[in-house]
Amino acid sequence: MRTSSPIIRHEEISAQSGMVVAQHVTAAQIGVEVLKRGGNAVDSAVSTAFATGVLLPIWNGIGGGGLMTVHFDGGDGGTIDFGMQAPGLAHAEMYDLEDEQDVQGPSRRFSWMKVKNNANTEGYTSIAIPGTVAGLSTALEKWGTIDLDQAIAPAVKLARDGFPLPRTVALSLSERHALLSRFSTTAEVYLNRGSPLSPGSHFVQSEYAQTLERLGRLGASEFYGGETGARIAEDVEQNGGYLRLSDFEQYRPIVQEQALSATYRGLGISAVKGPCAGPTVLEILNILQQFDIAAMGYGTVDSLHTIIEAVKLSAVDRFSFMGDPAVYGFPIDVLAQPEYAVNRAMNIDSSMATVFSAGDPWSFTEDEKPRYFPLPAGASPDSGTTSLSVADKDGNMVALTQTNLGFSGVVNPGVGVMMNNGMGWSAPMPGTANSVAPFARALNNMTPMILHKKGQAVMAIGGSGGRRIWPAVAQVIINRIDFEMGLQEAIEKPRIHVESDDPVVDRRFGDNLLNQLKLKGHNPEFPPKEFILWPFSEPNGIVLDGGHWKSGLNPQAKPTHAVGY
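At position 422 of the sequence shown the residue is numbered 422 (the working numbering), and the sequence of numbers has no breaks.
These aren't lab readings, by the way, just hints derived from the structure by calculation. A couple of the hints might just be wrong.
Beta-carbon label-pair distances, calculated as ranges [as the list claims (entries may be wrong)]:
no., residue 1, residue 2, range
1, K393, G431, 29 to 39 angstroms
2, R508, G431, 41 to 51 angstroms
3, E249, A294, 27 to 37 angstroms
4, T365, S174, 23 to 33 angstroms
5, E249, S351, 25 to 35 angstroms
6, K369, H202, 49 to 59 angstroms
7, L218, A294, 49 to 59 angstroms
Even for Gly, the Cβ is constructed at its ideal location relative to N, Cα and C.
Input sequences plus hints: build the corresponding full structure.
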């Protein structure tokens with residue numbers, strides 16, 4: 001018996017002067033208008049990001065955080081980590097735990113205990129210090145040419161005037177109706193007399209518009225110590241949460257003049273340092289550089305087996321060692337070193353799947369392993385996130401990912417912004433490399449990256465979709481470089497998702513290949529047949545091809561669009 005499957009594709013577009021790819025068409029159009037008025041890629045990315053926070057407000061916005069990678073033609077640029085940070089009152093034993101393991105999908109060996117009442121992912125006790133306003137405003141100050149109020153203005157208009165609610169947002173709101181109903185201010189914005197909003201409903205966020213107007217007029221300090229920050233902190237404290245105004249006042253984004261870098265098949269790759277997915281993707285690629293993937297052929301058992309094993313090796317290292325290096329002292333950058341990858345690649349058996357142990361990164365540094373280094377961190381959840389890419393007429397590129405993690409369900413009175421549930425990124429039990437700690441920046445899954453050659457940016461890539469992001473971004477890069485695909489094709493091709501254990505394999509690879517993977521010892525799982533339950537990440541990006549910018553985007557889930565001129 002054979003069952004048909006949907007074939008979903010998206011048009012590739014080409015542009016001579018500039019392009020924006022974002023997960024809402026209006027946001028992408030706003031970004032291109034900035035470029036047409038003479039703004040650069042950073043101006044466009046920041047404007048697009050603020051607009052996306054209004055258009056897709058449960059997944060991102062000024063109540064969350066993110067990462068940005070910037071590459072100016074000639075090689076200048078850098079990165080900004082404006083990820084969410086634990087409040088100063090946070091500590092490793094702040095949550096009461098159940099007696100049941102919370103198994104994290106394909107990473108059965110790296111799970112953690114469930115938290116009573118979901119206190120780390122729902123409500124006031126799940127809220128971490130937001131970083132978006134600090135990160136986006138810092139990017140403008142450092143690399144932009146327009147003022148903050150100009151970048152925020154389109155988002156203000158969208159929030160004030162309203163827009164048709166996207167189908168994907170409406171479905172997510174309906175799914176979390178019970179959470180949204182718990183908070184009266186939230187219900188006023190996100191429900192219609194207690195019922196879920198319908199797709200296409202005219203969605204207005206008046207208080208969000210007022211908050212954005214204040215930020216544009218007074219600057220980022222208004223959020224980190226002014227009226228907005230005070231309103232959020234007061235409401236959180238009154239409702240049993242941990243966030244305080246002093247947490248806002250001490251927050252600073254992490255700016256790096258030099259990105260975390262690697263070379264893959266002769267192309268430079270720039271990523272964000274620290275406890276994100278940049279080091280993990282670079283470790284995957286560095287391992288695969290020890291193998292001739294192109295000679296194995298796309299979609300063959302040998303190439304898929306090798307990719308699966310490389311991701312598994314990197315995932316074990318990721319979940320064993322990565323957390324905030326300022327708290328736990330692990331030298332994360334070593335995971336992206338080519339020498340370390342050579343050592344890890346030796347563990348791959350071309351004939352059989354392997355259950356991997358963590359590596360020994362300390363042997364590749366001058367540091368000694370701490371005597372009592374914490375236990376593996378586990379695999380954090382993620383149910384939100386948006387990604388965007390920008391290229392301008394001067395050859396500058398930006399890749400930017402921002403998120404609320406999921407969403408806490410809390411909208412603070414007088415602010416109108418959906419707040420993050422960023423505490424859900426930290427392991428809720430003590431003694432791990434990613435346990436809760438005061439002011440810790442927990443392990444996250446974002447990885448906006450830029451590929452370049454001789455100082456010229458040639459591709460920006462990122463994605464949404466939680467822990468599915470980094471295996472997907474790695475596969476898109478492999479498809480583009482090893483198999484010489486166009487970016488749109490590289491994103492649309494069948495994919496696998498794997499972490500530390502069994503792979504999820506796109507059925508489009510065919511039964512014969514799946515059987516061959518089983519013969520190598522893999523135990524593949526299959527995605528559901530209904531495409532709306534797409535179990536893979538949603539990468540998007542822009543590539544320089546034949547002197548033109550060309551788009552690449554995932555056609556499933558969030559309705560991503562490219563706009564160029």
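Which hint numbers does the structure go against, in order from smallest to largest? Violated hints (numbers, rising): 1, 3, 4, 5; every other hint is consistent with the structure.
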